[in-house]
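K.L.:
Listed below are the residues making up each chain.
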Amino acid sequence: MSPIGSIPREEATDSIARVDSILLAEFDKREKATEGIKGKELGEVVVTARESRGVTSASLINRQAMAHIQPSSFTDLVELLPGFVSKDPDMGKANLINLRQAPQASPDGYDTSSLGTSFVVDGVPVNTSAEMQTTSDANRIGRMTTGKGVDMRSIPTDDIESVEIVRGIPSVEYGDLTSGLVKIKRKQGVRALEARFKADMQSQLFFVGKGFKMPIEGWSMNLSADYLDAKIDPRDNRENFKRASFSIRSNLNRDIRGLQLVWDASINYTGTFERDKNDPDLTVNNTIDYYTSDINSVSWNNTLLIRPQQNRFFNSASLTTGVSYAYEHLRQQKTVASSRLYPLPVSTTPGDNYVGYLPMLYLADFDVYGKPFSAFVKLASRFRYRSDRISGWLKAGLEYTIAKNFGEGQVYDLSHPLTAGNTSRPRPFNDIPAIQQLSAYIENESEINVGDHTLHLQAGLRESQLVGLDGGYFLSWRPYFDPRVNLKWTLPYMTVAGEPMVFEVGAGTGLHTKMPVAAYLFPDLLFTDEVQLNYFHDKEEWRTMNVKTFIDDRVNRSIKAARNLKWEVRGNISYSGNNLSVTYFRERMTDAFRMATEVRYHTYNRYDASGYDPSVGGAPSIDNLPYSTETKIAMVSRPTNSSKVEKEGVEFTLSTRRFPGIRTRLTVNGAWFKTTLSNSDGLWYKPTIIVNGKELHYAGFYDDPDGSVYQSFNTNFTFDTDIPRLRLNISLSIQNMWYTSNRQLWRSGIPLEYVDAEGTIHKWTAEAALDPYLSQLIRSYSQSAFDENRIPLATAFNLKATKKLWDDRIGIALYVNRLVSITPDYERYGTIQRRYTSPYFGMEINLRL
Amino acid sequence: MMKKISFILASIAVCAGFVSCSDNDEPEEQPNLITLQSTFPEGMDHYSIHFQDMTVTFTELNTRQTYTATAEHLAASLNIFLPTGTYDYSGIVNYTQTLEDGSDKELALRTVGSSVTIAGDRDLAITWFKSTPSQGLLISEIYAAGSHNAAHTGGIRDAFIRIYNNSDVTMYADGLAIVESDFVNSRANDYDILTPENDRDVNFTVGVVWVIPGNGHDVAIEPGKSITVTDQAIDWSAQVEGALDMTGADFEWYDDVALDTDNPSVPNLDKWFSYSNTIWIMSNQCNRSYALVRFPEGMTADKYLADYKGAYDYIHPATGKQLRKEKAYLIPNEWILDGVNLGNREMYVRGALASSIDASYACISEKNSDPQRFGKKFSRKVAMTTVDGREILQDTDDSASDFILKAAK
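Heads up: the protein sequence lines correspond to chains A and B, in order.
The first sequence begins at 0 in numbering that gives the first Met the number 0 and counts up by one.
The second sequence begins at 0 in numbering that gives the first Met the number 0 and counts up by one.
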């Protein structure tokens, strides 16, 4: 049996983190036995993300790498993945994760990548299904995470022990994801008192944590707290983001009658507080308009694991539960001074409604109360089998999640809206049914030894469905099956110059399913008011305005889950402490979520008051006026599965051994990404124009792609020098983004067919192009609209240093990003494009007492 | 079309030009000799034409100093001494043409140019065009900024346009269109337009076309009288202190959506085209152009919509990227009765209208987005008052000199 082929430690950890550490003991023994061959980096400082040696592509980030990068939030760790470069913190908006995606590829309507990346903290996934916070204020939309996944600003890094980011095909033990898996394992066990104070150009961060030994044998407790105060622009203290977190974790490990029993429990609090106020000195009447968004979330997680101490077929069973609840309050206050006299549609009932007028000056209060609750239960079991040639694990488990928002939702006075022409109405979140998902999985992970060859096979199937959903939904009890297979073949090692050289090749493929969240299953109603009688008489008592209110239900009962098919092939060479990994991948998701427009028809009456004499009958009423009937085409956007996300790329990581003498290691990582974002279905479009006094009476259906191809290619060279004698670690990272580009996909602009106000669909004809009205449906594009926009090289030199003092009790660290940067000018359409960069720096002190 | 004429006597640069420094008598250091090489429209050599003085005025953009060259006749070549700097220029030659019926008509040639760099002796080619002041209906007032809103943080839409009969006969306004430019008269929107149809010397590219309803003899405007067209014909003074009462307007541009009001006693304009399917508002920044348009006989909305589409390609000045604007229509320049460019000194580069329609622009303020602009309207100067008390407004197709700013209330 080749010792190289042993299941590497990180691979065996594909279960919940705590379970792993127990099960790993056995592997650790084997690792020790093979240390001499396995690599000289063992036990050494690793300040970059390490490429996993497991069956699929994953990046491992340990404590040292995190300490070296000096993060403020989880967002900063993304830099360590192949394909990413350092970015300044942007705390003024939601920080979403887009794995394996060209950096500039994040237009609206393609949020499934971030929504479909699952964050699993100590075995419990972060559930964002019941997140519903929203605002009609377009300037603040970027702060919302509804339907977009996890906001990485809210995840502190200081109580994290290690992170594994699975970019490839994760084990079927993890579900409700399409694009990736982020496994976070937090610190546990007895630890010294740690404190960290960090300051950078935007923020200050303070952390304190300790692990205590408790009076009972095998029991330890960890406490940690973190506070971050970030100003989006350091010159402006009216806009800021604050985070406070607190966590208490208990770990009990006992042997009872031949059974190992482990009980982990944690109670966690995270609060995020956004503030954005205007400057009263800039408004004439000194009003303060403000936006605040507070999220206070608490969670309580438990894991119970039992494991017989003897080696038996039954290896372990675990029960993991997680309960989380958040109190979210978004509040906006705005002094609205209208520029015109707006009618005030306030009706919440469909049909004919008389409406009043908005005041010219008022104070608008807008509150959104969200109370998302989620619970998670997972029962997992493992079985171990061995024979001469085959050994491995069988895993099976069941999982149930429920998410429900108990919030009062959007609460505001309809007569004082944030904006005139408001098409929404106050909506409680607590009448939205709970989202429940039931899943099961079974997986075999085995190691097969044939001669000096080792095959490592992971094959599993996950089944999942939404339950408790209204039977009218396609998704109600609809089972989805995710088969996933990963294979790694370790060739017999060769000896080159007295040292073993090991080749590994691998491949994997699998389906990944993400169920729609509440915002997609239960979208807000759309309110439209069509004018039936507009009679603003000079005499106030005769003024009358009547509208017909249409309430368009935007629920799409045929919405499906988003499914991503991934495949990848990988190669890995290890020699003398050097390691090179290359992965080629492709991903294809044709049913990602998107708000797409649908044609609806609004039929209403037009009352003619031209012959009406109010001096006789007073204010006109729709009951005594002649009228005609009109039908208007209304475009209503609703959640659909019509986005397409295709990803292709090559990721590579080369890490050398630490060269003796100069004590420096070189890590080169990078990636070429090609991301195609487009629509997978034809799209309806009606130009927003008025022709001959009316909106267009037609809408066109186009099968043109409404999307772009994005590409990027980068390499990051990191030289890190570790000088134990000086307790000093210095790294220089040269980050080259060789190019980024985007190109809009070609469109003809000619509709395939069109619909008239009667709802009849017609094929597009050449004659239609001559009609004054139908021809408005032809969309024309500039010749250069489909040119590739390519931005050449941008190079940044980032410097980081950490120094330890006083028996490692005090650590000081600093970093400067873009200490030097090279961004050559380039020409585009005859104009010189200049790019400006400025350094970003921070420093910190760490105490360990 | 244009040809360089050399008929003007021994035009060997008589250069009767002299330099005048408007507020500074100190001798300029090393002025540069600039030779203006004029190109005139065809037909100017007709015996029936009698020219008066020719003047070209240069304004240095930083110092605002002005320098004027004059000639006592039409000079194909004219000299002027200018200090080093960047200049805008405008020129005028008034002339009298004797018509076939024996009557004399006062006419003018004009020239304008902007951002000319003078750093040494040079020749400067300038092109003259016929100025065609409108004789009948014209835009006499534009109130685009609106009055202050209730919080004094912006403007309201008590905006209006006034159409005046500058002739001595009753004229009819129905069928006329009021149009707004699609282009913005601002440096940030100074696009390089690639589509030839959208060349401002050929067509006026518009984003909205409002038409005064009627059958040609329904909306009479007597000599010296005007009609007012407004956004919402309501008594704004009852809503916001200091605003106007627009209930007396003759027409409102009513946008048929639940964001607008409709006064039943004020008729509405017809909206042939608008780039917006909700409300249309005048440029409250006062940086677009407006024109009064007489369609050719027999023009209908359907025919116009089918035949005068104005989508165009342009180069964005900042990114250099070629882009496409879809929602636009064309108004051929010969349909335009009167047109006015609006702008502010800080951002104005050129107007959306051809120079022959408006040689300059009516300026709302020195700086961009000046909050002082609210409550100010553009008003045409009175050229003379007739014996019977009728005012004749000045219309030299040069808005900078034709319009003044007045308090709207």
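Some hints here could point you the wrong way.
Said to hold, decoys possible - Reference excerpt, derived from the structure (chain B facing chain A, CB under 7 Å, subset only):
#	residue
1	T65
2	T299
3	A300
4	D301
Simulated from the structure, these hints should not be mistaken for lab results.
Idealized CB from N, CA, C, for every residue including glycine.
K.L.:
Work down the list of hints and note, for each, if the structure agrees.
P.N.:
Status of each hint after checking the structure:
no.	hint	in the structure
1	T65	violated (33 Å)
2	T299	violated (9 Å)
3	A300	holds (4 Å)
4	D301	holds (5 Å)
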